[in-house]
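Novice: Take the sequences, apply the hints, and build the full model.
If you read the protein sequences in the order shown, they are chains L and W. With our numbering, letter number 88 in the first sequence gets 100, and the count goes up by one each step, no holes. With our numbering, letter number 170 in the second sequence gets 235, and the count goes up by one each step, no holes.
Don't take each hint at face value.
What the hints assert, rightly or not - Here are the simulated lysine-lysine pairs, BS3-like style, with alpha carbons at most 27 Å apart:
no.: 1; chain 1: W; residue 1: K212; chain 2: L; residue 2: K131
no.: 2; chain 1: W; residue 1: K219; chain 2: L; residue 2: K131
no.: 3; chain 1: L; residue 1: K156; chain 2: W; residue 2: K219
no.: 4; chain 1: L; residue 1: K156; chain 2: W; residue 2: K316
no.: 5; chain 1: W; residue 1: K219; chain 2: L; residue 2: K101
no.: 6; chain 1: L; residue 1: K156; chain 2: L; residue 2: K128
no.: 7; chain 1: W; residue 1: K219; chain 2: L; residue 2: K60
no.: 8; chain 1: L; residue 1: K95; chain 2: L; residue 2: K131
no.: 9; chain 1: L; residue 1: K156; chain 2: L; residue 2: K131
no.: 10; chain 1: L; residue 1: K95; chain 2: L; residue 2: K60
no.: 11; chain 1: L; residue 1: K95; chain 2: L; residue 2: K156
no.: 12; chain 1: W; residue 1: K212; chain 2: L; residue 2: K101
no.: 13; chain 1: L; residue 1: K128; chain 2: W; residue 2: K219
no.: 14; chain 1: W; residue 1: K219; chain 2: W; residue 2: K67
no.: 15; chain 1: L; residue 1: K95; chain 2: W; residue 2: K219
no.: 16; chain 1: L; residue 1: K131; chain 2: L; residue 2: K101
no.: 17; chain 1: W; residue 1: K316; chain 2: W; residue 2: K219
no.: 18; chain 1: L; residue 1: K101; chain 2: L; residue 2: K128
no.: 19; chain 1: W; residue 1: K212; chain 2: L; residue 2: K156
no.: 20; chain 1: W; residue 1: K92; chain 2: W; residue 2: K212
no.: 21; chain 1: L; residue 1: K60; chain 2: L; residue 2: K267
no.: 22; chain 1: L; residue 1: K128; chain 2: W; residue 2: K316
no.: 23; chain 1: W; residue 1: K212; chain 2: L; residue 2: K128
no.: 24; chain 1: L; residue 1: K128; chain 2: L; residue 2: K95
Stated by the list, open to error - So these bits of chain L aren't anywhere near chain W, every CB distance computed over 10 Å:
no.: 25; residue: A44
no.: 26; residue: D55
no.: 27; residue: G59
no.: 28; residue: K60
no.: 29; residue: L113
no.: 30; residue: S189
no.: 31; residue: L191
no.: 32; residue: R251
no.: 33; residue: A256
no.: 34; residue: F263
no.: 35; residue: A268
no.: 36; residue: R276
In short, the hints are calculated from the structure, not lab data. Each residue gets a CB set at the ideal place from its N, CA and C atoms; glycine is no exception.
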Amino acid sequence: MLTRSAPNPTSKEAADAARPHVTIRSLSKRFASAVVYDSFDLDLPRGKLISIFGPNGCGKSTLINLIAGLIPRDAGEILFDGKPLSDIKFGYVFQNYREALFPWLRSFENIEYPLKLMKMPAAERRLRVERLVERLGVAIDLSKYPYELSGGQQQLISIMRALVVDPEILFLDEPFSALDYEMTLFMREQLQRVFLETGTTTLLVSHDLEEAVFLADYVLLLSRHPARVADYVPFAAPRPRSDATLSNSDFVATKAHCLEVFQREVRRA
Amino acid sequence: MKRLDPYLPIIGVVGLIALWYIAVWLKLVDPVLLPLPTDTFHAMWTGMTGGRLGRDFLYTVERTTAATVIAAVIAIPLGIVLGASERLYRSVEFVIDFFRSTPASAMFPLFLVLFGVGDRTKISVAAFGAALVILFNVAYGVMNARKTRLLAAKVMGASRLRTLFDVTLLESLPQTFVGLRNGVSLALVIVVVAEMFIGSTDGLGNRVFEAQQLFQMPDMYAAIFAAGALGYGLNLLFLLVERRFVHWSGK
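Specialist: Encoded structure:
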């Protein structure tokens, strides 16, 4: 199903997998008095889930917002397989699901909205949404309005709205930070399932180290601004990961290492 | 006990009528000035069913409706345009706020000169007052559209025009309804005042004024209550329409 799990990858597939998906070159961004990024370079691999973690105000969200074009950059270049953002399909999930969904539309209509923008016929839209629901095993009454659903369900609707266009890359900006712990655990499961099902390159901004490591193939640790890559830590535990993963030694060691780097960066002020 | 909660508002009504009876029986107020509630409700009933009061009530409804419709037709599109560009709104904000703060009744003489004695003056002054209230609310509704929602539309690839129709306009609807409710209340106030004075021969304002002049106190109170019921009813009507079409308001 995924290129990387194919038994005999052809040379083209192998080359595709090896080439970075996102290339960031000389990215610069400043706000009023703060230089947040100054000639920042980064390559992001294809089909991996990358968590972004760092001190408060270091520009975690700014990074994905720059990559996703939500805020303009001052200088630099960001390419996806050599193509600019305008040529690719991507999904973006906001932290504040309550303000990101459209309360005047039913959940189903929210999910199909991006397809509507693409001028896809109604029957095809319905099919696409139904297929997505089935693939993710979502059990929500989609005829309800968002405000009739729980916080986690609403965020799941936003994630589905981002996924319905079959994005090449998925951005999530602290997607679970407005949810209670019980719901956060459930949503981690859901996100992992989405990732396993779709294999979409995913960038996740998180303020919770446990979550960042648990979900990630790589943890991108940023320094205080101007942000540099403080460390880029792989975490290769097999998926699906479960509560047991949280106590396995590899997880504990990776988290401890990330925490150490984080503390070092925080003290550097 | 909780089951009875919906009936709580009745207590205030019963209390008011009880106080009224007590005031009449104890002669706290000159009986000529304060008739019995029963006399008042009788006057209201006969007036509304085939009497002058019913006819005057309809005139006032007609004028208030006309004024509100005219105000909405002008103010809603204008409010959207102004709200869509914050700099444009800031440049006319003072003028809007100034005239919004000007008592509309102070404009009667001006409108009399412009439109003469008649319905056109009453309706246009009321429309003028209501339009400013609606305009102000619509513009703010558009300006205060949730930024995240606009960004969400943008990242999904919606054009600016599409975002305006799919997001901004719907975002501004709850505030637009606030404007409409306040606008219709103001229009009613202005219409009733206009009916009292400037050369009027009909309408609730005229009914109140004339009954007072002729010392027909039950008729006067009946007309006041009819005006109150009209104001309350219009507000309720807009609330019901809002709840039906802006189901997400406040959620």
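Novice: Work down the list of hints and note, for each, if the structure agrees.
Specialist: Results of checking the hints against the structure:
Of the supplied pair hints, the one linking K212 (chain W) and K131 (chain L) holds, its CA atoms being roughly 25 Å apart against a limit of 27 Å. This hinted pair checks out: K219 (chain W) and K131 (chain L) have alpha carbons roughly 16 Å apart, not beyond 27 Å. Simply put, K156 (chain L) and K219 (chain W) have alpha-carbon atoms about 24 Å apart, close enough for the 27 Å limit, and the pair holds. For the given pair, K156 (chain L) sits about 14 Å from K316 (chain W) by alpha-carbon distance, which is consistent with the 27 Å threshold.
Distance restraint check for K219 (chain W) and K101 (chain L): the Cα-Cα separation of roughly 13 Å lies within the 27 Å cut-off, and the hinted pair is therefore satisfied. Only pairs whose Cα atoms come within 27 Å are accepted, and K156 (chain L) paired with K128 (chain L) is accepted, the gap being roughly 19 Å. Among the hinted pairs, K219 (chain W) with K60 (chain L) is consistent with the structure: their alpha-carbon atoms are about 26 Å apart, no more than 27 Å. Proposed proximity of K95 (chain L) and K131 (chain L) is supported: the alpha carbons are some 23 Å apart, at most 27 Å.
Of the pairs offered as hints, the one joining K156 (chain L) and K131 (chain L) holds, with about 24 Å between alpha carbons and a cut-off of 27 Å not exceeded. This hinted pair checks out: K95 (chain L) and K60 (chain L) have alpha carbons roughly 19 Å apart, not beyond 27 Å. For the hint linking K95 (chain L) to K156 (chain L), the alpha-carbon distance of about 38 Å lies beyond 27 Å, and the restraint is violated. Proposed proximity of K212 (chain W) and K101 (chain L) is supported: the alpha carbons are some 22 Å apart, at most 27 Å.
As the CA atoms of K128 (chain L) and K219 (chain W) are separated by approximately 14 Å, the hinted pair is consistent with the 27 Å bound. In summary, the hint linking K219 (chain W) to K67 (chain W) is not supported, as the alpha carbons are separated by about 48 Å, beyond the 27 Å threshold. Taken as a hint, the K95 (chain L) and K219 (chain W) pair is honoured in the structure, with Cα atoms around 19 Å apart against an allowance of 27 Å. For a cut-off of 27 Å, the pair hint linking K131 (chain L) to K101 (chain L) stands: about 15 Å separates their Cα positions.
Between K316 (chain W) and K219 (chain W), the direct Cα distance comes to roughly 23 Å. Compliance with the 27 Å bound is thereby established for this hinted pair. Distance check on the hinted pair: K101 (chain L) and K128 (chain L) sit about 14 Å apart at the alpha-carbon level, within 27 Å; holds. Note on K212 (chain W) and K156 (chain L): the hinted pairing holds, with a Cα-Cα distance of about 24 Å set against a maximum of 27 Å. Restraint check for K92 (chain W) and K212 (chain W): the C-alpha separation of about 62 Å exceeds 27 Å, so the hint is violated.
At most 27 Å may separate the alpha-carbon atoms for a hinted pair to count; K60 (chain L) and K267 (chain L) meet this at roughly 18 Å. Straight-line distance between C-alpha atoms of K128 (chain L) and K316 (chain W) comes to about 25 Å, which keeps the hinted pair within the 27 Å bound. At most 27 Å may separate the alpha-carbon atoms for a hinted pair to count; K212 (chain W) and K128 (chain L) meet this at roughly 21 Å. Distance check on the hinted pair: K128 (chain L) and K95 (chain L) sit about 24 Å apart at the alpha-carbon level, within 27 Å; holds.
With 10 Å as the threshold on Cβ separation, the claim that A44 (chain L) sits away from chain W holds: the shortest Cβ distance comes to roughly 18 Å. Remark: the non-interface label on D55 (chain L) is consistent with the geometry, its nearest Cβ contact in chain W lying 23 Å away (cut-off 10 Å). Interface exclusion of G59 (chain L) from chain W stands, the closest Cβ pair being 22 Å apart, more than 10 Å. Annotated as non-interface, K60 (chain L) keeps its C-beta farther than 10 Å from every C-beta of chain W; the closest such distance is 22 Å.
Under the 10 Å C-beta cut-off, the non-interface status given to L113 (chain L) relative to chain W is violated; the minimum distance is some 8 Å. Consistency note on S189 (chain L): stated as away from chain W, and its beta-carbon is indeed over 10 Å from all of that chain's, at 14 Å minimum. No beta-carbon of chain W comes within 10 Å of the beta-carbon of L191 (chain L); the shortest separation is about 16 Å. Annotated as non-interface, R251 (chain L) keeps its C-beta farther than 10 Å from every C-beta of chain W; the closest such distance is 27 Å.
Once the 10 Å rule is applied to beta carbons, A256 (chain L) is consistent with being away from chain W; the minimum gap is 36 Å. Listed as a non-interface residue, F263 (chain L) keeps its Cβ farther than 10 Å from every Cβ of chain W; the least gap is roughly 33 Å. Consistency note on A268 (chain L): stated as away from chain W, and its beta-carbon is indeed over 10 Å from all of that chain's, at 35 Å minimum. Annotated as non-interface, R276 (chain L) keeps its C-beta farther than 10 Å from every C-beta of chain W; the closest such distance is 34 Å.
Checked against the numbered hints above, the structure violates hints 11, 14, 20, 29; every other hint is satisfied.
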